[in-house]
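Enquirer: What follows is each chain in one-letter form.
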Amino acid sequence: MAVIEAISTTYLEADAANVTFPSIPQTYEHLQLRYTLALNATVNSYQRLWLGDGSIDTGTNYSNHYMTGHDSTAAASSDTGGTNGIYLGNAVGEIDRSWAAVTIVDILDYVNTDKNTSVMINTWAGGLNANADYVYFASGLWDSTAAVDTIKIDNRYASNFLRGSEFTLYGLNSS
Amino acid sequence: MADPAYIVNGVLTDGEAWVAIAHETLSLPAATVTWISTDDGQVGDFSQYMDLVIITYSRLTGTGGAVNTENKFNLNNNADTSLYVTQQLRADGGGSAHAGLDTGDGFGNCGQVPGSGADANIFGCSVLTLFDVNSGKYKSSLCIYAADTDGAGYTGINGGTWKSQAPITEIDIVNRSGSHAVGSTFSMFGVLPRMVA
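Those protein sequences? They're chains A and B, same order as listed. If you count by our numbering, then the first sequence holds residues 1 to 175, one letter each, in order. If you count by our numbering, then the second sequence holds residues 1001 to 1197, one letter each, in order.
Here chain B stands alone, though its shape is the one from the complex:
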């Protein structure tokens, strides 16, 4: 088994603090994008990172549905509706500010994206950070997103907490209004702390 890049000839070093873990560009519609920790000490092993960052540029497939819809994330296949909390702050399509506290859902919110009813070729952006993913703290997140749909859309920031002290070992990005469309991209990065004094 090869060492991670930050171990050079058996010595711990501080190199790139951000490590590209995985990337998906969908060639077929997908209901879920899933990443599972490889648990092998390699790049895909979540247990070595302080934070995880997920960058998405996506929309839903099909036609005729809602113009905007919300991507969600699920951690460790845990859909316990009592454990997820999301505080939203966003600008709606009409230009008004909106805030809302979401509980009682078995998912976290990772931002609005264009739905199947949006004009063709419009995608929405989001940057989701999951903090201190291996700590004994509840797992909190920040998501900044932008999804203008040419006359409608949303931009905003979500703060969220999964009330579990378990380390994060699996992440699913889903949309319960449909499937992620062909061409949607999903990238995950690991953020390392300072490791050498």
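Same shape as in the complex, but just chain A:
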């Protein structure tokens, strides 16, 4: 049995509003989502993570807690009960299509129905302009004990993911 398996890779051959991983096997201990993405519009947008069991929960059952580094400013903030899921960091609107935001999300013990689901997020979104160059370290909570079998990533604002963006979901096995 492999320790870490690639469950699914989505490589966008056309611009897309969102990426969904449905029917996630319930056989792993943990999940890890890794992606590189760019946006197809000039609008800056942060990415959102939505979780679900059978269908995506788009309600107000999410909380966020995060630290950011942007130029010489270190900041921290949080919110709860909002309508935007779990924040994954901020990708930069189209400046140069070669820039890509990179993110790792760890989703732990996702099948346990006695625990709410907490995730850990690391993101870097460069671009060398006033709205870019954010490094982001965060936690997010889905305030539900349901198992996670569906994951969706989308944008808060009017942008699509640019062709060439790539998303892979990994499963981590225990002994």
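Incorrect hints may have been included.
What the hints assert, rightly or not - Derived, one-sided and incomplete: chain A residues facing chain B with beta-carbon distance under 10 Å:
#: 1; residue: 3
#: 2; residue: 100
#: 3; residue: 103
#: 4; residue: 104
#: 5; residue: 125
#: 6; residue: 136
To be verified - Covered by chain B, per the in silico footprint, the following chain A stretches (three or more residues, Cβ under 8 Å):
#: 7; segment: 6-17
#: 8; segment: 31-39
#: 9; segment: 138-145
Claimed, not checked - Rough simulated footprint, nothing fancy, chain B against chain A, three-plus residues with beta-carbon under 8 Å:
#: 10; segment: 47-54
#: 11; segment: 157-168
Quick caveat, the hints were computed from the structure, so don't treat them as lab data. If you're wondering where the values come from, they're calculated on a predicted model, not measured in any experiment. From the three backbone atoms N, C-alpha and C, an ideal C-beta is built for every residue, glycine too.
Given chain A, put chain B in place with the hints provided.
Expert: Relative to the frame of chain A, chain B by itself:
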């Protein structure tokens, strides 16, 4: 030439997504740790991987220098000072938060480590991920590091970009304040995507 482990009897399979590519435990001080893609379709060939992950546990050799110093990485022997960008976010030894944007250096930052002035036997940890290393995107990285030096030290996260669309074929880990000390370890892993529908 043998097939990679994910090709079984000529058939593409999805096995271990993380592949151990290389490991170094220094028996002598070294100014640079270098990995070059073998370009042969074997484990050491970077061209088959989506991401590369480098885990270091290191410090500098000698005595009397700075307590903390920064490890750097260089890609493809490219030291063009206009191409590397690093955004730092860290907690300093005094407990304060710090952020800074570094440009104009021909290297990426891969985290603070104990320098030659640190107490003996203290090493610093870092996990550096290089993303989508064979794509036409600029090559971006995330590095998480921890380097407490018993009264000082740093812990933080760096985001970085090498503004080149070239595939990564060589990685150098250096420290311009000195040499990596004996006992420092450097491990590299390749991360595969899902390959079978």
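Enquirer: Could you tell me which of the numbered hints above are not met by this structure, giving the numbers in increasing order?
Expert: 9, 10
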